[in-house]
Amino acid sequence: MNPKTLKKILTQTRNERRGGAPREAWVSQNRDILLMQVRNTMDPQPANFAEKLRHVLRLFVPVEALAMAARTVGVFVLVLGTVLGGGLASVQAYRDALPGEVFYKVKMATEKVQLTLAPNDDYRARLHVEFADRRAEEIARLAEATATNETLAANAVAAFTQEVAALEQGLEALRNSDPEGVIEVAKLLERKFDVYQGMLRKAGHTLPTATKSSIAAAIDMVDGASIKAIAVIVEKHLAGDLQAPQNVLVTKFEDRLKEAEAKIANGQSGTTQTNSTKAKAAIAEAKAFLKKNDYQAALLKIGEIAELTKETEAEEAPAPETEAKTEQAPAPTASPVQADDAAGSGSR
1 MNPKTLKKIL
11 TQTRNERRGG
21 APREAWVSQN
31 RDILLMQVRN
41 TMDPQPANFA
51 EKLRHVLRLF
61 VPVEALAMAA
71 RTVGVFVLVL
81 GTVLGGGLAS
91 VQAYRDALPG
101 EVFYKVKMAT
111 EKVQLTLAPN
121 DDYRARLHVE
131 FADRRAEEIA
141 RLAEATATNE
151 TLAANAVAAF
161 TQEVAALEQG
171 LEALRNSDPE
181 GVIEVAKLLE
191 RKFDVYQGML
201 RKAGHTLPTA
211 TKSSIAAAID
221 MVDGASIKAI
231 AVIVEKHLAG
241 DLQAPQNVLV
251 TKFEDRLKEA
261 EAKIANGQSG
271 TTQTNSTKAK
281 AAIAEAKAFL
291 KKNDYQAALL
301 KIGEIAELTK
311 ETEAEEAPAP
321 ETEAKTEQAP
331 APTASPVQAD
341 DAAGSGSR
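Numbering (my numbering), first residue to last: 1 to 348.
These are calculated hints, taken from the structure and not from any lab test. We put the beta carbon where it would ideally sit given N, CA and C, even for glycine. One should not assume that every hint holds.
[Said to hold, decoys possible] The calculated DSSO-like cross-link candidates involving lysine-lysine, where the alpha carbons are at most 27 Å apart (straight line), are:
hint	residue 1	residue 2
1	Lys-278	Lys-212
2	Lys-228	Lys-291
3	Lys-292	Lys-278
4	Lys-310	Lys-192
5	Lys-280	Lys-310
6	Lys-263	Lys-228
7	Lys-292	Lys-187
8	Lys-280	Lys-291
9	Lys-107	Lys-202
10	Lys-287	Lys-212
11	Lys-187	Lys-291
12	Lys-212	Lys-263
[Stated by the list, open to error] Computed spacing ranges between beta-carbons, pair by pair:
hint	residue 1	residue 2	range
13	Gly-267	Ala-297	16 to 22 Å
14	Ala-265	Glu-180	38 to 44 Å
15	Pro-119	Gln-246	30 to 36 Å
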């Protein structure tokens with residue numbers, strides 16, 4: 001064996017893997033698989049300080065408490081901006097602001113912040129009660145003003161009806177989310193609605209004529225919402241809820257029946273003579289149902305009476321036209337009475 005061949009054999013022997021060592025390709029492939037499995041068992045990114053703090057706060061502070069704190073901070077920042085922008089007097093100025101005034105936008109923005117940060121349906125419903133109070137007060141103040149812009153008055157009434165609609169929706173939401181607490185809100189709303197109707201009737205005497213129809217429609221809307229509140233009280237009474245005793249329920253029914261009788265007697269509503277007769281009959285039937293403790297039937301009659309005694313003027317059907325007996329006969333001329341009948345009861 002020559003030296004060149006021997007050197008080649010020794011070099012191959014030195015480079016040969018020993019002890020069953022794995023090949024490089026196998027080692028590389030399995031290293032990647034092992035590292036992937038290790039990464040899957042670990043968080044992709046370590047939690048930062050804010051996430052750790054939020055987790056700790058959730059353990060010790062209820063979510064509703066955090067929402068209340070956020071609401072307070074949000075309102076404080078908004079009011080603080082008002083104070084820094086115009087002095088301490090600006091806080092009272094935005095609270096007392098009327099539609100059309102500069103600070104009224106701040107007032108409405110503050111209310112939106114409060115609603116956005118409300119922690120639950122009960123709190124949100126009570127906020128809408130507070131805002132409905134404000135809208136009713138704004139209407140009353142506009143009515144007391146020497147000269148009130150028709151557009152501002154109409155906008156104020158529209159804003160009030162929006163709050164009433166929100167109260168109706170809030171009451172329905174509470175029936176689902178808080179069946180035990182809805183009774184207190186229903187009783188509060190029923191009392192408030194009665195106050196609103198009185199304020200609206202008073203304001204309707206002095207507001208611009210163009211807003212009288214919207215005032216009447218608002219009164220009817222409040223009346224309908226009041227019936228829904230009574231319906232909740234009836235439902236809870238029949239379910240045996242001690243917060244809806246029989247004497248409270250009967251008193252509310254009797255008050256509504258007396259109010260309906262007064263509206264018919266004083267001609268406060270736009271009720272036609274036919275509807276007045278029907279309303280009186282419905283009132284008598286409702287009283288009979290109350291004596292029998294049939295509150296569901298009495299409630300249905302209350303709704304029927306409300307429809308018959310609406311503030312908005314009802315229209316009567318026009319009288320059918322009489323065909324001419326002969327082709328030569330001239331068309332009859334309508335008398336003033338017939339013209340009124342054809343136009344409906346709005347002119348009466």
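These are the hints, each one checked on the structure:
1. The hinted pair formed by Lys-278 and Lys-212 meets the criterion: a straight-line CA distance of about 26 Å does not exceed 27 Å.
2. Under the criterion of a C-alpha separation no larger than 27 Å, the hint pairing Lys-228 with Lys-291 is consistent with the structure, at around 22 Å.
3. Only pairs whose Cα atoms come within 27 Å are accepted, and Lys-292 paired with Lys-278 is accepted, the gap being roughly 21 Å.
4. For the given pair, Lys-310 sits about 19 Å from Lys-192 by alpha-carbon distance, which is consistent with the 27 Å threshold.
5. For the given pair, Lys-280 sits about 14 Å from Lys-310 by alpha-carbon distance, which is consistent with the 27 Å threshold.
6. Pair hint Lys-263 plus Lys-228 holds up; C-alpha atoms about 20 Å apart against a cutoff of 27 Å.
7. Taking the CA atoms of Lys-292 and Lys-187, the gap is about 23 Å. The hint holds against a cut of 27 Å.
8. Taken as a hint, the Lys-280 and Lys-291 pair is honoured in the structure, with Cα atoms around 17 Å apart against an allowance of 27 Å.
9. Distance hint between Lys-107 and Lys-202 is fulfilled; the C-alpha atoms sit about 25 Å from each other, no more than 27 Å.
10. A C-alpha spacing of about 32 Å is found between Lys-287 and Lys-212, which places the hinted pair above 27 Å, so the restraint is violated.
11. Pair hint Lys-187 plus Lys-291 holds up; C-alpha atoms about 22 Å apart against a cutoff of 27 Å.
12. For the given pair, Lys-212 sits about 17 Å from Lys-263 by alpha-carbon distance, which is consistent with the 27 Å threshold.
13. Between Gly-267 and Ala-297 the beta carbons are some 28 Å apart, a value that contradicts the proposed interval 16 to 22 Å.
14. At about 40 Å, the CB distance of Ala-265 to Glu-180 agrees with the hint of 38 to 44 Å.
15. Between Pro-119 and Gln-246, the C-beta spacing of about 34 Å keeps the proposed range 30 to 36 Å intact.
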